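**Q** Listed below, chain by chain, are the residues.
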Amino acid sequence: MTIRSLDDLAKIREENKHKVGLRESGQGKEGAAEILVGMTTCGIATGAKETLEALTEEIKAQSLENVRVVPVGCIGYCFSEPTVQVNVSGEKPVFYSKVDEEKAKEIVQKHIMNKEILKDSVLETDYGKA
Amino acid sequence: MENVKSQENKQYRIALRNSGLIDPGDISDYIAFRGYEALGKVLTEMEPAEVAKMVKESGLRGRGGGGFPTGLKWEFTLKAPGDEKYLICNADEGDPGAFMDRSILEGDPHSLLEAMVIGGYATGANNGVIYIRAEYPLAIKRLQVAIDQAREMGFLGKDIFGSGFDFDLYLKLGAGAFVCGEETSLIQSVEGKRGEPTKKPPFPSESGYMGKPTTVNNVETFAAVPPIILNGPEWFQGIGTETSKGTKVFALAGDINNVGLVEVTMGTTLREIIFDIGGGIPGGAKFKAVQTGGPSGGVITELDLDTPIDYESLKNIGSMMGSGGMIVMDDSTCMVNIAKFFLEFTQDESCGKCTSCRVGTMRMYEILEKITNGEGTEQDLINLNDLARSVKDTALCGLGQTAPNPVLSTMNYYKHEYEDHVYNKKCTAGSCKALLSYSIDPEKCIGCTACLKVCPTNCIDGKAKEVHVIREDECIACNACFEACKFDAVIKP
Amino acid sequence: MQKQHEQLKTNDFVELPKEHYEELETYISGVKDKEGSLIHILHKAQEIFGYLPKEVQLFVSRQVGIPAAKVYGVVSFYSFFTQKPVGKHKISVCMGTACFVKKAEKILDAFAAELGINKGETTEDMLFTLRDVRCVGACGLAPVVFVGDNVHGHVAVEDVKDIIQQYRKGDE
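Chains as they are written, first to last, in our numbering: chain A, 1 to 130; chain B, 1001 to 1493; chain C, 2001 to 2172.
Don't take each hint at face value.
[To be verified] EDC-like mimics (lysine to aspartate or glutamate), calculated; alpha carbons at most 20 Å apart, straight line:
1) C/K2119 x B/E1344
2) A/K49 x B/D1023
3) A/K110 x A/E91
4) B/K1193 x C/E2035
5) C/K2119 x B/E1369
6) C/K2119 x C/E2105
7) C/K2090 x C/E2121
8) A/K11 x B/D1026
9) B/K1193 x C/D2033
10) A/K17 x B/D1026
11) A/K17 x A/E30
12) B/K1141 x B/E1152
13) A/K11 x B/E1152
14) B/K1010 x B/E1272
15) A/K17 x B/D1023
16) B/K1212 x C/E2035
17) C/K2044 x C/E2055
18) B/K1463 x B/D1488
19) B/K1433 x C/E2158
20) C/K2032 x B/D1168
21) C/K2103 x B/D1330
22) B/K1079 x B/E1206
23) B/K1212 x C/D2033
24) A/K49 x A/E102
25) C/K2161 x C/D2132
26) B/K1041 x A/E14
27) C/K2044 x B/E1191
[Said to hold, decoys possible] Some chain C residues near chain B, calculated using beta-carbon distances under 10 Å:
28) H2040
29) H2043
30) Y2078
31) F2080
32) A2098
33) E2105
34) R2134
35) C2135
36) V2136
37) D2149
Simulated from the structure, these hints should not be mistaken for laboratory data.
Owing to the predicted nature of the structure, the values given are computational and were not obtained by experimental measurement.
Glycine residues also receive a C-beta, built at the ideal position from the N, C-alpha and C atoms.
Work the whole structure out from these sequences, hints included.
**A** The structure is reproduced here in structure tokens:
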């Protein structure tokens, strides 16, 4: 559709508002979850594509319905690529570093399905934003 | 978007606010995070001059390196006579060791598009061009997708937000020329020509692309515009130092643990960036220097690590902000070799239009090569310094004027290293191949004392039938031991 | 850019596939501002032919309607354009500052020694071309080597032989 006014824009924003809550603070629909995969040049060079595929396959294999995998840009933590952000409704978002295919499967099985955080792979972030 | 700057966070993200948080291929993600709201506000509630004024009041300065006030640039173009004006985004990130623009282009392309439409409105331009490096294929692809989506939703094209304002933009590819980061060269290249700079004045704001008033801004500069519109100029004014407002993205690389992009408020110290955010130097090595400003900048030593970063302070310590490359070096890095590396780059990238840069950078490079090969003389050091100063004063464009900076700054802070190379034929960092020290292979040495006897400085220790050792600090690399040894036990550098 | 001027000799023209010329002609005819888009046209031509020999430059000059000298001026100015054919595998060693600090020079030397060519040259069997490139923006992986589109990060001198072998094997 074509946006002709600020009201038109507000409508689209409203429709997509759930993304903001879930990604910034983990507020969203009960049971909803998202896995964000950093897919920029350096991420892809370290295997982010394979990570993304592994996540998608595992979600399918486990027949999880409310879990989305989203390709995103990078958070700038090049030393820990591929990076993955897991947003589960009702929990603070968690970042993981150096997520290969193996770890991707584990994230789905442990974090998403059992709410068990993979402590050894957690990436501490230290930034606020505008 | 929260308007609070948290105290405990080391980083604060304005330009990178959406990177890693939204799907760059899905415009609705961008809209969810208040995307295109600033544009709507500008087009429906503000006059072009008000927008330029607002950006001027915010204190935003060019993030490509120069630091020229963005709002002022916009006002110049807006006031320039003529109906046909252009807006160009410089996405030709040429500094080797900087990749923040690439990250924004790949991770949040719509923020650039939105800011460009705002900039077009504020400068009176209806056409925009994004000049992007051909070396960034993924960024090109994502930008093209974003442009198509923005057109489909009416953020580009005719009568945007029903305001009667028309704006469209397209991509122009670079082809690998560092000099095209200079705005007059860039304009030549956008026109399909060799990217050679032209003299200023006339400035692009009077006569730029196709001879029309043109504004050129960098990607990171544009990325800061939508938040300024949404949060107001006072908000931006409140972040940073007296002369430099807002944040700056740095590409932290080299001998550092946490290689990556960091966005910090102006006024953060280098020590905080390198040791707190960057996690320090790997392998317990010692910090030696940090280089900012790429081939146009200089090195900063341990002594100046507590300098709060802004455009002026970095200039005062002999470097510059530049586009944001920040290369950390440990003590295995030879400063003469680093100067040579940058000069090799600039002499190769010199477009050849003015003599002072074309010939001057070449001669400087040759002298540096002589020094790193251990053939330098006292006169070479004098010539190098003189040459650097004259190129700086006489070159036509920014590339040439700043090309001597890496030489001048290393000569200033690491004079002893230059002298070591020239007088003692030594490279203490151990990276200049020709100056590496001689040693003896214990596997092959049978202890015949032949080398020991010929050594003019008596710097070889050892008894008969025992392995000999060369005391490196006294060795003058005369090669006598190498020639005397019949068992190939002396290792020549 | 003071690129080595590769002499354009008047004799020995290279015969290039007709369908390539046709493809380029179709592309150029669809471009509105031909002169202003010269760089784009040359990008396309290099994509089609693999390199930009004098025949292709003359063809572009006639199609766009500008002197061949101007086309040559642009081709020789930008480092992205090459006038010599390149090997099947393009080995690009990143020489950006971050890679340089991580001793990329030694990696480049090792490739040169292993392949028996200098940077900018192609092996006789037309299998490998060795180049040094400006920053590719993957500083997190320094030192970085690209072979075609494949990225090899954190390369050590010892890895060089294996990398070459990997692509040699792939061709057998």
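**Q** All hints are to be evaluated individually against the structure, with a verdict given for each.
**A** Right, here's what the structure says about each hint:
1. C/K2119 x B/E1344: Since the Cα atoms of C/K2119 and B/E1344 sit roughly 15 Å apart, the hinted pair holds (cutoff 20 Å).
2. A/K49 x B/D1023: 14 Å, holds
3. A/K110 x A/E91: 14 Å, holds
4. B/K1193 x C/E2035: Distance ~9 Å between B/K1193 and C/E2035 Cα, so the pair holds.
5. C/K2119 x B/E1369: With Cα atoms ~18 Å apart, C/K2119 and B/E1369 stay inside 20 Å; holds.
6. C/K2119 x C/E2105: Answer holds: C/K2119 to C/E2105 is near 11 Å, not above 20 Å.
7. C/K2090 x C/E2121: The hint holds at about 10 Å.
8. A/K11 x B/D1026: 16 Å, holds
9. B/K1193 x C/D2033: Given that 20 Å is the threshold and the Cα spacing comes to 13 Å, the pair holds.
10. A/K17 x B/D1026: Measuring from Cα to Cα gives roughly 14 Å; hence the hint holds.
11. A/K17 x A/E30: Holds, because 15 Å separates the two Cα atoms, which is no more than 20 Å.
12. B/K1141 x B/E1152: 17 Å, holds
13. A/K11 x B/E1152: 17 Å, holds
14. B/K1010 x B/E1272: The given pair, whose Cα atoms are some 8 Å apart, holds under the 20 Å limit.
15. A/K17 x B/D1023: Holds. A/K17 to B/D1023 sits at ~14 Å (cutoff 20 Å).
16. B/K1212 x C/E2035: Roughly 18 Å between the alpha carbons, so the hint for B/K1212 and C/E2035 holds.
17. C/K2044 x C/E2055: The hint holds at about 15 Å.
18. B/K1463 x B/D1488: Roughly 18 Å separates the two Cα atoms, so the pair holds.
19. B/K1433 x C/E2158: OK: B/K1433 and C/E2158 at ~19 Å, within 20 Å.
20. C/K2032 x B/D1168: The hint holds at about 16 Å.
21. C/K2103 x B/D1330: Holds. C/K2103 to B/D1330 sits at ~12 Å (cutoff 20 Å).
22. B/K1079 x B/E1206: 9 Å, holds
23. B/K1212 x C/D2033: 17 Å, holds
24. A/K49 x A/E102: It holds: about 13 Å lies between the C-alpha atoms, which stays within 20 Å.
25. C/K2161 x C/D2132: The given pair, whose Cα atoms are some 18 Å apart, holds under the 20 Å limit.
26. B/K1041 x A/E14: 17 Å, holds
27. C/K2044 x B/E1191: Since the Cα atoms of C/K2044 and B/E1191 sit roughly 17 Å apart, the hinted pair holds (cutoff 20 Å).
28. H2040: Nearest chain B Cβ about 6 Å off; hint holds.
29. H2043: 6 Å, holds
30. Y2078: It holds, given that the least Cβ distance between C/Y2078 and chain B is near 3 Å, below 10 Å.
31. F2080: 4 Å, holds
32. A2098: Since chain B brings a Cβ to about 3 Å from C/A2098, closer than 10 Å, the hint holds.
33. E2105: 9 Å, holds
34. R2134: Holds: closest Cβ of chain B sits about 5 Å from C/R2134, inside 10 Å.
35. C2135: 4 Å, holds
36. V2136: 6 Å, holds
37. D2149: Holds - the Cβ of C/D2149 comes within 10 Å of chain B, reaching about 9 Å at its closest.
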